[in-house]
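Could you build the full structure based on these sequences and the hints that come with them?
There are 2 protein chains.
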Amino acid sequence: MPQDRIFKLAGIAIDAVLFTIKEGVLNVLLIKRDNEPYRGSRALPGGFMQGEETAEKAAARILREKAGVRGIYTEQLYTFSDLHRDPRGRVVSVAYFALVSQDQINFKGSDLQAPALFQLGEVGKLAFDHRAILDYALGRLRAKLEYTNVAYSLLGPKFTLTQLQQTYEIILGRKLDKRNFRKKYLSLGLIEATKEHERGGRRRPALLYRFKAHELAQLKKFF
Amino acid sequence: MPQDRIFKLAGIAIDAVLFTIKEGVLNVLLIKRDNEPYRGSRALPGGFMQGEETAEKAAARILREKAGVRGIYTEQLYTFSDLHRDPRGRVVSVAYFALVSQDQINFKGSDLQAPALFQLGEVGKLAFDHRAILDYALGRLRAKLEYTNVAYSLLGPKFTLTQLQQTYEIILGRKLDKRNFRKKYLSLGLIEATKEHERGGRRRPALLYRFKAHELAQLKKFF
DNA sequence: ACAAAAGTGTTCGATATACACCCATGT
DNA sequence: ACATGGGTGTATATCGAACACTTTTGT
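Line by line, the protein sequences give chains A and B.
The first sequence lines up with residues 2 to 224 when you count with the numbering used here.
The second sequence lines up with residues 2 to 224 when you count with the numbering used here.
Just so you know, the hints here were simulated from the structure itself, not pulled from any lab data.
Among the hints, a few may not be true.
All copies of an identical chain are treated as equivalent in the list; a pair is satisfied when it fits inside any one copy or across any two copies.
Derived DSS-like pairs: lysine-lysine, alpha-carbon spacing no greater than 30 Å straight-line [stated by the list, open to error]:
#1 K185 <-> K145
#2 K184 <-> K58
#3 K33 <-> K179
#4 K213 <-> K58
In structure tokens form, the structure reads like this:
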């Protein structure tokens with residue numbers, strides 16, 4: 002098929018911003034580029050869209066290959082199309098953002114790109130416009146946390162209310178009142194107590210909760 | 002440059018969903034396709050991205066060419082990449098959604114595609130996956146109206162509180178209480194009264210208001 | 001005078017915020 | 001016994017929802 006006659010030529014890249022919480026800090030998955038351009042620089046995991054897959058499938062593939070995660074919360078973020086975002090020429094990037102609990106991540110030892118988690122504060126310069134993509138994703142994450150129940154995707158299947166609250170505090174960057182947080186979150190009806198308790202701390206064991214549904218829900222309307 | 006070696010080939014289309022309110026009904030801009038595929042079908046205005054323009058510029062160009070509008074509220078909607086969305090082959094569409102007041106629209110008589118406004122209820126089948134894109138845009142519009150002040154982009158520079166309220170009612174599809182609406186909207190501090198009054202109706206002339214700023218603002222936070 | 005839409009307040013229930021102490025466990 | 005985080009309630013302020021009549025104009 003003479004595609005080059007019918008269509009304007011352009012590369013379509015997929016880049017993924019995978020967030021997770023690790024040791025009380027928001028982390029992002031980065032790789033080290035093993036090819037030009039930007040060889041040796043840190044970058045978001047990504048790649049060109051294959052002819053036989055949708056952008057969503059490509060994002061899922063990248064996340065599977067680089068972090069060993071499957072079926073995690075993923076949503077399209079934005080399509081970046083600045084003319085000079087890639088020194089090789091015209092490359093449009095469809096960026097995705099994804100959330101996962103740390104224990105689901107599983108790195109293969111053999112990856113030349115050495116994918117790894119980085120604390121947000123320690124991310125320096127990135128290849129291409131990936132810093133801008135990361136910043137955009139962070140804004141989306143904060144907004145989404147306030148309007149929806151996405152927090153479920155950052156936590157394991159069972160969690161304590163303190164862990165849930167800390168998830169909010171870490172991402173929003175401020176402390177929340179414990180009593181008010183619990184009262185409000187429980188009144189939303191999204192989570193339910195299990196009969197299990199946390200184990201192993203040298204303190205009172207916390208009751209474990211779980212989300213009733215793993216589906217995105219809006220939390221509030223304006224009018 | 003041997004782009005076909007470096008990049009996967011794919012066409013990148015831009016499609017635009019332009020909403021406006023006309024005679025108390027939400028309308029959308031559609032064209033009639035003058036080429037295959039789907040020749041003669043109604044479709045969203047769109048086209049292939051040119052090599053020297055960003056997606057945003059391409060969307061602005063399309064809106065300028067098809068509706069004579071400039072500088073209107075436009076935001077990226079979603080990038081659609083289903084494998085078979087275009088019978089010609091692999092075409093990814095970056096869709097935009099835009100809002101404008103009806104009086105800013107200005108059709109050229111000479112356009113073969115006959116761009117025109119259609120009431121939402123009268124939009125039948127559309128070419129490609131444009132019906133899905135339109136439905137997605139409508140969802141975005143409704144959500145955006147509840148969380149932000151985008152309504153300014155559907156109104157002229159001066160408007161009555163009743164017109165503002167009707168804008169909400171039309172898009173949200175339900176009636177709002179007049180006293181509560183006014184109290185609440187005025188308390189947001191986004192609009193201010195002018196010293197002018199509406200003219201010409203055979204009723205009490207309404208005071209005209211204007212938005213203090215034409216910038217998107219969030220209206221409410223959850224935590 | 002009549003028709004048509006503009007404009008205006010109060011009450012009540014629900015929700016948000018601020019705030020401090022006792023409890024259960026491991027060492 | 002002590003250290004650590006777990007768990008709980010109340011009072012106040014703010015916000016949302018429901019609700020009806022008078023005013024101003026053109027005809």
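So which of those numbered hints doesn't the model satisfy?
-> Hint check: 2, 3 fail, others pass.
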